[in-house]
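Asker: Read off the chains here:
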Amino acid sequence: MNHISPTLWQFLVKWMTSFPLFPPEASKIAPEMDALFFFMVLVSVIGLTIVVLLVTSFCLLYSKERHPVAVQVEGSTLLEATWTIIPLGLFLVMFVWGALIYFRVYTPPANSMNIYVVGKQWMWKAEHPGGQHEINSLHVPTGRAIQLTLISQDVFHSFSIPAFRVKREAIPGRYTSVWFEPTVPGTYHLFCTQYCGTNHSQMIGEVVVMTPDGYKKWLDESTSGASLAQNGERLFASLSCAACHNARPDARGPALANVYGAKLPLASGGTVTADEAYLRESILNPSQHVTQGYAPIMPTYQGQISEEGVIALVEYIKNLNSEYRIQQTLNTTELLPGSEGAAGPKSAEQGKVKQ
Amino acid sequence: MSATIVSLPDQSTARIPKVNFITKENGLLSWLLTGDHKRIAILYLISLSFFFFIGGALAGLIRLELLTPQADLMATDTYNKVFTMHGVIMIFFFLVPSVPATLGNFLIPLMIGAKDLALPKINLLSWYLYIAGGLLAIYTMATGGVDTGWTFTTPLSTHYVNTNVLTTGLAVFIAGFSSIFTGLNFLVTIHKMRCPGMTWFKLPLFVWAHYAASILMVLGTPVVAIAIVLVALERTIGIGVFDPTKGGDPILFQHLFWFYSHPAVYIMILPGMGVISETISTFSRKRVFGYTAVAFSSVAIAVFGFFVWAHHMFIMGISNYAVLVFSLLTMLVAVPSAIKIFNWTFTLYKGSITFETPMLYTFGFMGLFTIGGLTGVFLGTSGTDIHLTETYFIVAHFHFVMVGGMLMAFLAGIHFWWPKMTGRMYPEKISQLAAVITFIGFNFTFFPQFILGTLGMPRRYASYPPEFQVLNVFSTAGATILGVGYLLPVLYLTWSLKYGAIAGNNPWQATGLEWQTQSPPLTENFTSTPIMDHEAYDYDWLDKQKEKEVTTSVG
Amino acid sequence: MSDSPVIAHGASEVEHHEHPAYLRHHFESVEQQADTTNFAMWLFLLTEVMFFGGLFTAYLIYRNWYYPAFVAASHQLNIFWGTANTAVLISSSFTMAMGVWCAETRRKGGLVLCLVLTFLLGLVFLGIKSIEYSEKIEKHHVPGFHYSLKSFLDPDSDEAAKAAGDKPLPLDVARHTEVYFSLYFAMTGMHALHMIIGIAILGFMIFRARAGAYTAGHVTFVENFGLYWHFVDIIWIFLFPLLYLISRHAN
Amino acid sequence: MSEQKQQLAHHEPKHGEHQHHVTPPGVYVAIFITLLVFTALTVGASYVEMGVWNPVIALAIGVIKATLVVLFFMGVKYSSKLTMLTVGAGIFTFLTLISMTLADYISRAWGLW
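Protein chains in written order, with our numbering: chain S, 1 to 355; chain W, 1 to 555; chain G, 1 to 251; chain P, 1 to 113.
Read the hints as simulated data drawn from the structure, not as lab findings.
Warning: the hint list may mix true and false statements.
[Said to hold, decoys possible] Simulated coverage check for chain W against chain G, where a stretch passes if three residues somewhere in it have a Cβ under 8 angstroms from a Cβ of chain G:
(1) 182-188
(2) 242-254
(3) 323-332
[To be verified] With a Cα cut of at most 27 angstroms, we get these calculated DSSO-like pairs of lysine-lysine:
(4) Lys108(G) with Lys246(W)
(5) Lys125(S) with Lys246(W)
(6) Lys167(G) with Lys429(W)
(7) Lys81(P) with Lys202(W)
(8) Lys202(W) with Lys120(S)
[As the list claims (entries may be wrong)] Covered stretches of chain G, as calculated for chain P (at least 3 residues, CB under 8 angstroms):
(9) 98-109
(10) 137-145
(11) 186-198
Glycine included, C-beta positions come from ideal geometry on N, C-alpha and C.
Isolated chain S, as found in the complex (with noise of 0.2 angstroms):
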């Protein structure tokens, strides 16, 4: 070959040696679910081993020429019971082993950073908590906790950081979660691996893994002036959701400050904690989560804000630790006439003007 195409075989030698069998580990949990991968290969290789040893070595010594009458076994009861008590426990390792590692993937710890992923055809969206927004890429420090909260606003996607052993699905009209922690700088790819129509295989972009200072830099270079609760305090001003959700004595709406992370009792009885989304399906179906002592008199929002309107206003309701902020707001925003009862009809004919 070499005599043929110097060039082609350079090609060919660099092309053979340089392609990867593994890929890198490169958040916390990688090792941990690579340990468990390994353990199960060694479990196949080794039973795989016995099944080929055993299938070869019976068809040497008994095939026809060296062994021309069969000898009838009928079976073995404590052999099948050994071939089906082995196996079994070795899977039930493996199924332990697995759902520990599945329920770490998917419950964020409580001190992790939150970055909202929204997926649309085709195309995935990130949106800091500074307001840094990114297409098809997601930047993040190491030594961080970093909790992914995705939502599709089509059809189903799946966030997957090979890299990082994590996956999670993107879905229209729920959050899902999933976190990691980064632990080696560099690029790494991200895929979705839902099939989501035409451009499928275009809907790939690239996490870039940075030092805790790399990060920051980053962060102050690619903002966008406002942060994300920033956004979402427009919003909520542009709403006029301060005007029943205002703290005061005779307020129509529950005070907002602090409520994320509270338990919540509500009017059909039971109690709730307000996670994001819980947050976001209050904002959406207000009706069906009313929380104790207040009307069902919010509209609904649905087809009114984008799924990153929502996402601004939640953050903003998360990160809302005191009733100041909401009456400052209140001041910049025409109060809707406050009288009693008048939101009731108002939110029927919002609905007819909808027909």
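Place chains W, G and P on chain S using the hints.
Answerer: Here is chains W, G and P on its own, set in the frame of chain S:
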């Protein structure tokens, strides 16, 4: 290879019996209106092969496109249509009916000593439904195709594509009824048509496996049918059962879809397992090791198969606790398969093994199915599933089970019963070569995909990052070899129809009732209703029979 | 080979017996044939159970999620027609059962009468169903592009809602009535489809029964059709409380 | 295994002696009237406020009615074990579908609600 069990009649005097189910009547109509299970099996065999080669050609296109990292052979939406049609055709029009509709149809009445399936007209109807569905699928492909993937995921299939979802859905719906009727027919036949003396525990394991698969067909298929109906209604008039903007839950569709489609993989593999039980016993001259365990493991797979469907949805936002339950049950369903593998292995122990073509395919099956099954555990384990699902790992896994398992078993079965079906043998050497080529080609094609999947290459990608190219090239090269491996049998089996050696009643010296009648069998299968007076796989009984025959012919 | 001694004696003597024309060649006896087709029919009904099973699953989930919307939407169904239809269908099941009895005891006139009654009751059921459907169409309660929430946002404009004393629903709750009506039409539509198929077969059977086909001892077809008809009845027995009767009392 | 054999042994010769059971019309009439009564009951019950018991009662009556139809109109009471097994298998799979799917939906909110 001097040692062989093949015993053919004296070729100079042997003749194909003048009266048999093929020669009984002539003309196309006598085939198209037949109620004979054997003729319907032949019709299925021909039409299945047709669809297999269409599906195979589409697979070839997929592999060619993936030769390079860019989407250069075809546009991405063409690629999407190609893999969708590959999936639809291979699953609903090849794998699900493959062994049951051909070998099962042909052999179940013969094996249990019946004259026909219980409902011959329903049997014919199910072939017509199959053809109608298949032609509709081909028509769909010709008129623009469909690009939802074979899983019809909502809301993609209901609101976001404008291709022929409805006609494809209808094709799958019709094929589903074909499958229901086949399964129903088998269940009724196995329950009600067994010949005198044929108790449940004298049934060949092939019949047990089909019994288990039929339960799944009858109980699982209607659920996917209603899911497809709802998708169609959602697309046409816009009802809101799965539509998130109207308050529906798209995951509910997945629940209903996988409630069928997970048991469907057992519908695909169980009959194959039945074939393997027959071949491995015949070619090692031994009763299957632990007959009862193998029989019950088939039924166990069928029953547990209904409890594990949500393991396809581990990362889709179903409840973590449901994941726990479904993952545990998945581990349980893996055990019966392990039992089977070891029981087959120990069937070889102290046997008298020969290596004819069906046996080579059987060995291929055992190796590949073991890998396929074990990698399934990787995916059933919730933790590793997060990383491996929706990548080429899962593609490799189910191809190891479906192609490496089911197709190998299908070919083993076709080679094993070919002499019974046609009365003629195929050339042994070239068929052994084909078995070896298939095995090598298969491993070349699909083993690299495990590595690709571990690396994270997503499935259903028309283009991919360049560092994955080498493994993809291996895979495509392997696919070429595999293609040759599949074409060869078509050639020599066709050749054998006219030039093959006369097989006689029982070329393999097998014990099943189907081998105790002429090849090809009579339309009514047996000259008189047989009576089963020996155990299944009773080779001593067979030897005694032969002695008797020798004495009678000498006397 | 087939002349091996074990197989020598078999049921061949049975074949020389006189046997009725309706015994198909591959069965040994009439009983076996009847047993077999009966079992086949039951298996077919199993698939039907699972077919409706998907719909019932969907119904249960959404009923739990959107209970107030389901209650309000169920008030739009006419309980009088619903109850009447239940009675009609139960009566048709009864006439069908009597038809089977007539066939078994070889009463030709009775059989024809029962089948005709069943046929007519089936038509009455469909007639009532179509009255109900047309009401839904008028009110734009058919899910899809023309769906209207008016009856739920403004119950005073709607007689049925007013009669039930419904309060106006907030928009986000009212929207989910569409899920209810999606399921309503899917479930009753599938049920009606089964009725239509059943009625068509009944029509065919009436002709055959007049010719005396089922009163000569071969009753399998009538029996199996009876199973199908009763099954369709059972589906309605569950659809009726689930769709019509949830929380009539709610206000 | 031996049990199975026994079952078959007593199943097989049944063909001859097993004469088709004919349900007398009186039974049909009784069932018919019972069904109508239960229909009236279920409609009546739906107007009474019983909280969570409303759907339970409605479904219970539905189950009773369906059981009556299955046992008498469809003749399962007089048919073979196989038919009963078939009906059982149908109910079992149906319940599997519903309960396992609902298991997901109900437990989704665990830890939050």
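Asker: Each hint needs a verdict: does it hold in this structure or not?
Answerer: Do the hints match the structure? See the list:
no.	hint	verdict
1	182-188	holds (count 4)
2	242-254	holds (count 5)
3	323-332	violated (count 0)
4	Lys108(G) with Lys246(W)	54 angstroms, violated
5	Lys125(S) with Lys246(W)	24 angstroms, holds
6	Lys167(G) with Lys429(W)	82 angstroms, violated
7	Lys81(P) with Lys202(W)	21 angstroms, holds
8	Lys202(W) with Lys120(S)	58 angstroms, violated
9	98-109	holds (count 4)
10	137-145	violated (count 0)
11	186-198	violated (count 0)
Going through the hint list in order, the structure does not satisfy hints 3, 4, 6, 8, 10, 11.
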